[in-house]
Amino acid sequence: MRSTLLSRRDLDFLLYEWLDVEELTKRGRFADHSRETFDDILELSEQLATKYFAPHNKRADAQEPSFDGDKVTIIPEVAVALDVFAKAGLVGATLDYELGGSQLPTTVAQASAAWFTAANAGTTGYAFLTAANANLLVAHGSAEDVRRYVRPMLDGRFFGTMALSEPQAGSSLADIVTRAEPRPDGTYRLFGTKMWISGGDHEMGENIVHLVLAKIPGGPAGTKGISLFIVPRYLVGADGALGERNDVVLAGLNHKMGYRGTVNTLLNFGEGKFTPGGAPGAVGYLVGEAHRGLSYMFHMMNEARIGVGLGAASLGYTGYLKSLDYARGRPQGRSKALGDPNEPQVPIVEHPDVKRMLLAQKSYAEGALALVLFCARLVDEQRTTESADEKRRVTLLLDLLTPIAKSWPSQWCVVANDLAIQVHGGYGYTREYDVEQHYRDNRLNPIHEGTHGIQGLDLLGRKVTQQGGASLLELGARVTATVAAARASGVEAAALAAQLDSAWQRLVEVTAALWSTGDVEAALANSSVYLETFGHIVLAWIWLEQFLAAGTGAGDFYEGKRHAARYFYRHELPKTGPALDLLARADSTTREMRDAWF
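Heads up: the sequence shown is residues 1 to 598, going by this note's numbering.
Be a bit skeptical, because a hint or two may be false.
[Said to hold, decoys possible] With a straight-line Cα cutoff of 30 Å, these simulated DSS-like cross-link-like pairs (lysine-lysine) come out: (1) K51 to K322; (2) K58 to K87; (3) K391 to K224; (4) K26 to K58; (5) K355 to K575; (6) K51 to K26; (7) K26 to K391; (8) K322 to K273; (9) K322 to K256; (10) K322 to K336; (11) K336 to K51; (12) K26 to K87; (13) K58 to K355; (14) K58 to K322.
It is worth saying that the hints were derived from the structure and are not from the lab. Owing to the predicted nature of the structure, the values given are computational and were not obtained by experimental measurement.
Starting from the given sequences, assemble the full structure and let the hints guide the process.
Laid out in structure tokens, this is it:
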């Protein structure tokens, strides 16, 4: 039976027919792998996601974690699923063999991860946060940090979090006030409060390893004075044994509209409930160098941003497949051409407006998944290339595409989930069907790991201008190469290429015009519009790439790919025209608005 979580056929197309992940096995890091090992991982992921994650998705949503003032209670199926995930070696799938990892390409690991998010975003959150925590410590921690904390995380014994935000600071990390006071023994004592900490307290596993941003007294002001600390729930001895309870205390739970299965917490550090070593404060261990915490945390945040995009794509994808399944099995109405009430009803998938909604979902979900896997391929190239020039170019491209990979799926796959509800009609917003939960879960992703507005400021304010516009030039070279290939591939591909080339050239012109005045505030006033426009043009490029990869392949799958590309070029890409006009005018409507006028 065809899965309604993801399409394995589409994954095979993206990985093998478009991204050519088999080529990665020619690189030393991945030499032990083959298509056979990649297929084994994908098959295992589908099986585990279907058997252990999907069945309790609705129950974990309905019976969200609770706090009785002493401990957090989570339904038992969550721990069972996460234990299976860890025992399958998936937490450290991309890490080195000597660390207990599998040295799997990030591209394949992300394809694997998509199955789990599609099945159960709430439960999967614990595993993915732990993996990102472990990856950061491997990149920036000491050998001792890795030994004490990473290995137990890969085994599923420890869980990991990232603790950035504070109630008064929100996304403005320059304004955090959690302080880390140095001690003579080289440790620190942390005092402060952290908000919105996913996975911050529970009884699963043996320990929770918090990565906490804090300021050392006397350090530089703002973000330049932020350091990163390991703050475990239980202290870990040199022999790996658990010691005293650290002074990390759960102050309360946040109850969100989605991702309800992932416990979300308000944590107090150093409130005095516990006094490890007989002294006040939560014991913390500096990661790397002092005052470089934000740059270290961005390692985890950028990974998480691509992960958010993957999660959004996965939720959009499963909503699409479930609404397609419903539309094929739901008879209602008759052919308008016949108009004969004596004729049998037809499945609603035959109605043009339902086809429109399904086709839109297909273009958003399949396009988003392709974009995220393309970025994962860039991560693999960046990590394994022996060419300094190639690494520079790939890094520039990945930097530029990261805000798109986070924000575009988070915006448009929520639209896909909205359409999935609409396809179901009145049943869509009932809890008996899955699609209303997928919408609620996915609606969090435009906020997760940097809001939509923050991604727009990052894209227009930093990424397109860095190194004299080098990132934009690198993406432009890729787009130009695709356009040239399409023009040589036939009349239809050439027509799509002409549309893409026109939109891209206009985007470059508008980008230059926005910065030509030197007025930063004016340039950034419509940065969210810029982000959305840029994203749609990037996705048009991704769809042309898929159109070319599908080639003249016969059969329903290839016809569906080509037609989804047609839809995107006819219905979606034209939306960028008016947006580019608005940007070119440097429209000041939002800037001119005054508080009192609301």
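These are the hints, each one checked on the structure:
no.: 1; hint: K51 to K322; in the structure: holds, 18 Å
no.: 2; hint: K58 to K87; in the structure: holds, 24 Å
no.: 3; hint: K391 to K224; in the structure: holds, 27 Å
no.: 4; hint: K26 to K58; in the structure: violated, 43 Å
no.: 5; hint: K355 to K575; in the structure: holds, 20 Å
no.: 6; hint: K51 to K26; in the structure: violated, 34 Å
no.: 7; hint: K26 to K391; in the structure: holds, 17 Å
no.: 8; hint: K322 to K273; in the structure: violated, 48 Å
no.: 9; hint: K322 to K256; in the structure: holds, 24 Å
no.: 10; hint: K322 to K336; in the structure: holds, 26 Å
no.: 11; hint: K336 to K51; in the structure: violated, 42 Å
no.: 12; hint: K26 to K87; in the structure: holds, 28 Å
no.: 13; hint: K58 to K355; in the structure: holds, 28 Å
no.: 14; hint: K58 to K322; in the structure: holds, 15 Å
Hint check: violations occur at hints 4, 6, 8, 11; the rest are consistent with the structure.
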